[in-house]
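Number of protein chains: 2
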Amino acid sequence: MTNSLSNAKMQITLTPGVGVFFYRNKMRTIFWDYDKNEVKMIDQRLLPEMFEVVSYRSHGEVARAITEMVIRGAPAIGAAAAFGLALAARESKARTPGELLADLQAAGSTLKAARPTAVNLAWAVDRMLRGATSPEAATVDELRQLILTAAQRLADEDVEINQRMATHGAELIADGDTIVHHCNTGALAAVDWGTALGVIRTAWEQGKKIHVLVDETRPRLQGARLTAWELSQYGIPYEIISDNMSGYFMRAGKVQKVFFGADRVVANGDVANKIGTYMLALAAKDNGVPAYAVVPTSTIDLSLAHGGLIPIEERSQAEVLDIQLGGEPVTPKGAKARNPAFDVTPQRLITGIVTENGVVYPPFEVNLKKFAFSA
Amino acid sequence: MTNSLSNAKMQITLTPGVGVFFYRNKMRTIFWDYDKNEVKMIDQRLLPEMFEVVSYRSHGEVARAITEMVIRGAPAIGAAAAFGLALAARESKARTPGELLADLQAAGSTLKAARPTAVNLAWAVDRMLRGATSPEAATVDELRQLILTAAQRLADEDVEINQRMATHGAELIADGDTIVHHCNTGALAAVDWGTALGVIRTAWEQGKKIHVLVDETRPRLQGARLTAWELSQYGIPYEIISDNMSGYFMRAGKVQKVFFGADRVVANGDVANKIGTYMLALAAKDNGVPAYAVVPTSTIDLSLAHGGLIPIEERSQAEVLDIQLGGEPVTPKGAKARNPAFDVTPQRLITGIVTENGVVYPPFEVNLKKFAFSA
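Taken in sequence, the protein lines are chains A and B. The working numbering applies: residue 1 is where the first sequence begins, and numbers increase by one. The working numbering applies: residue 1 is where the second sequence begins, and numbers increase by one.
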């Protein structure tokens with residue numbers, strides 16, 4: 001797999017037990033290179049086979065990287081959009097702050113369009129653009145600097161927010177729990193630490209013995225690829241299961257909790273998240289297993305009344321069809337597929353929503369408002 | 001992929017649009033070769049890339065072929081066990097019918113142990129052994145012939161039974177229905193025609209416009225491999241989805257029916273079937289979509305009171321781990337996995353059970369008994 005987007009590559013091939021990759025004060029999923037004035041991110045499409053950091057110098061490249069899922073995860077693509085705007089400010093030939101602002105608004109539209117479902121993308125762009133207009137910068141260079149500072153602050157806050165979510169969420173986990181986890185919500189899905197997987201990691205670091213059943217998360221297998229890889233880095237015991245198996249283990253009484261992230265939580269508590277979350281939450285409900293979404297408040301979109309209003313991205317058929325078992329192709333030539341990337345889990349299936357401000361419980365219509373604005 | 005089991009191969013490479021393979025009076029999934037006195041079956045592990053018929057001359061080879069899933073599907077492995085006993089009768093060096101019967105009983109135990117969950121295997125062996133003792137054969141050769149005749153009858157009956165199931169089941173399908181189908185339950189899963197997919201095929205041949213959403217059915221992807229291939233042969237429109245997507249389409253109101261087969265139906269109507277059926281049936285229930293199991297009465301096991309008593313086969317981790325996307329490996333080195341091959345769907349989620357004797361509706365505890373014995 002080659003990466004057509006990269007300007008520069010730092011390539012490290014991972015050997016088992018060697019070159020172990022640590023987060024927290026080592027390397028973030030996405031960061032600004034202040035020497036080269038470019039944004040760097042881990043190419044998540046290559047893991048776990050290859051650990052590669054790619055660099056981008058234009059907001060258009062960043063938008064494509066988001067669409068092509070070089071970087072994914074709601075918080076991570078929010079930070080990518082923020083740094084993308086910092087690149088746009090450098091790209092701009094504007095001679096006045098007003099002209100630069102117009103260029104930033106155009107770049108913001110491009111970045112927002114990169115993926116439609118996760119609200120963090122729009123949230124980050126809107127926050128950056130608000131910050132760019134008030135207080136007004138005197139010069140173009142001042143505004144460029146202001147934008148970069150704001151992007152860095154957004155990224156730093158993401159890490160801090162994830163840590164706070166993790167602390168709140170870890171209280172829900174008991175010693176000895178087996179947890180089903182969907183998709184990837186770890187350090188790779190955020191600037192660092194992660195949402196649902198961050199909760200699990202913090203509980204583990206508190207000394208709780210945990211076992212994770214990792215939903216492989218078809219079609220792109222972020223669970224089998226990224227979550228399994230992160231868990232192996234952290235030393236947390238896990239087993240990969242196909243997405244259709246979690247119900248079996250719940251019926252067998254082997255699962256105590258279900259944790260997942262979200263790409264958008266709306267006013268009534270409906271949760272848009274990676275495809276498969278709805279069926280997972282349904283199985284949890286049917287077996288009395290608590291199911292928690294873990295999200296920064298930036299993922300909460302109170303402007304939508306219910307989940308039916310959330311746009312759901314449908315991605316290419318190839319993501320479903322281009323699968324091999326034991327090296328052999330699977331699907332017949334000419335086969336067609338559907339590929340909705342997200343689904344909406346109705347709030348009646350959600351036990352609680354973990355945010356950086358605490359755990360929100362039903363009635364979500366009432367309580368989400370309180371938590372979303374108390375930061 | 002090489003097939004270590006085969007004695008002889010008839011190999012045909014499928015080219016799109018060429019060498020189209022038709023069932024019904026052309027070739028069965030499994031059949032006896034009366035010229036060579038061996039059993040032949042389509043190697044289902046190689047489809048859709050290669051169409052290959054393998055031949056076996058010993059019951060031990062047939063048992064291994066069942067375990068390794070050269071042949072799979074509850075009715076098909078029942079027929080395989082029957083022909084396996086016909087091979088065992090030829091292998092035996094017995095000098096009296098009594099000695100031969102002892103050899104057949106040993107061979108029956110080997111065949112039954114090949115896969116634990118599908119009851120058809122045990123059903124077929126038991127029926128064959130009962131047939132071998134009454135009426136008593138005068139000579140060893142007479143008993144050999146009697147066993148082969150009984151196996152052929154069992155296979156022929158399977159086709160006829162599937163046709164009857166299909167006729168009953170097709171009445172449940174309306175013109176314009178979109179149907180979610182799990183695993184493979186077509187001609188390949190039986191001697192011919194199939195169970196749930198046979199119902200869909202008959203409805204299609206009745207002129208009903210149908211669209212099938214094909215669950216890919218991880219981990220072995222029988223849906224994406226075999227059902228998609230069969231549907232393309234029959235000209236029935238379909239799209240492949242990953243197993244975690246069916247709930248999305250049901251919530252969107254796009255699905256009118258769910259059909260699947262079963263490996264064992266027990267006295268209270270609980271259904272053991274391919275892993276993922278439980279979560280699919282749960283999503284159907286949550287959305288008011290009728291969910292039907294389609295089974296020959298040989299799949300009904302009234303000796304077990306409820307599904308918790310059904311043995312569930314757990315297969316190798318490699319089936320989950322050895323997956324590639326776009327030619328690239330997915331899971332980290334050293335990753336572990338779980339692989340239960342079946343789950344139990346509680347009867348409360350089942351709308352009806354289609355048998356060759358008609359559609360059984362709740363209360364299943366009462367009605368299954370009537371249908372199972374009215375043949």
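Hints should not be assumed to be uniformly reliable.
The list cannot tell twin chains apart, which means a pair is met if one copy fits it or any two copies do.
Unchecked claim - EDC-like cross-link-like pairs, simulated, lysine to aspartate or glutamate; straight-line CA separation at most 16 Å:
#1 LYS336 with GLU239
#2 LYS333 with GLU49
#3 LYS370 with GLU68
#4 LYS333 with GLU239
#5 LYS369 with GLU49
#6 LYS40 with GLU99
#7 LYS370 with ASP156
#8 LYS254 with GLU91
Calculated directly from the structure, the hints in this document are not laboratory data.
Structure-based check of each hint:
no.: 1; hint: LYS336 with GLU239; result: between (31 Å within a copy, 5 Å between copies)
no.: 2; hint: LYS333 with GLU49; result: between (28 Å within a copy, 9 Å between copies)
no.: 3; hint: LYS370 with GLU68; result: neither (36 Å within a copy, 57 Å between copies)
no.: 4; hint: LYS333 with GLU239; result: between (33 Å within a copy, 13 Å between copies)
no.: 5; hint: LYS369 with GLU49; result: neither (43 Å within a copy, 55 Å between copies)
no.: 6; hint: LYS40 with GLU99; result: neither (27 Å within a copy, 76 Å between copies)
no.: 7; hint: LYS370 with ASP156; result: neither (24 Å within a copy, 68 Å between copies)
no.: 8; hint: LYS254 with GLU91; result: neither (54 Å within a copy, 46 Å between copies)
Comparing the model with each earlier hint shows violations of hints 3, 5, 6, 7 and 8; every other hint is respected.
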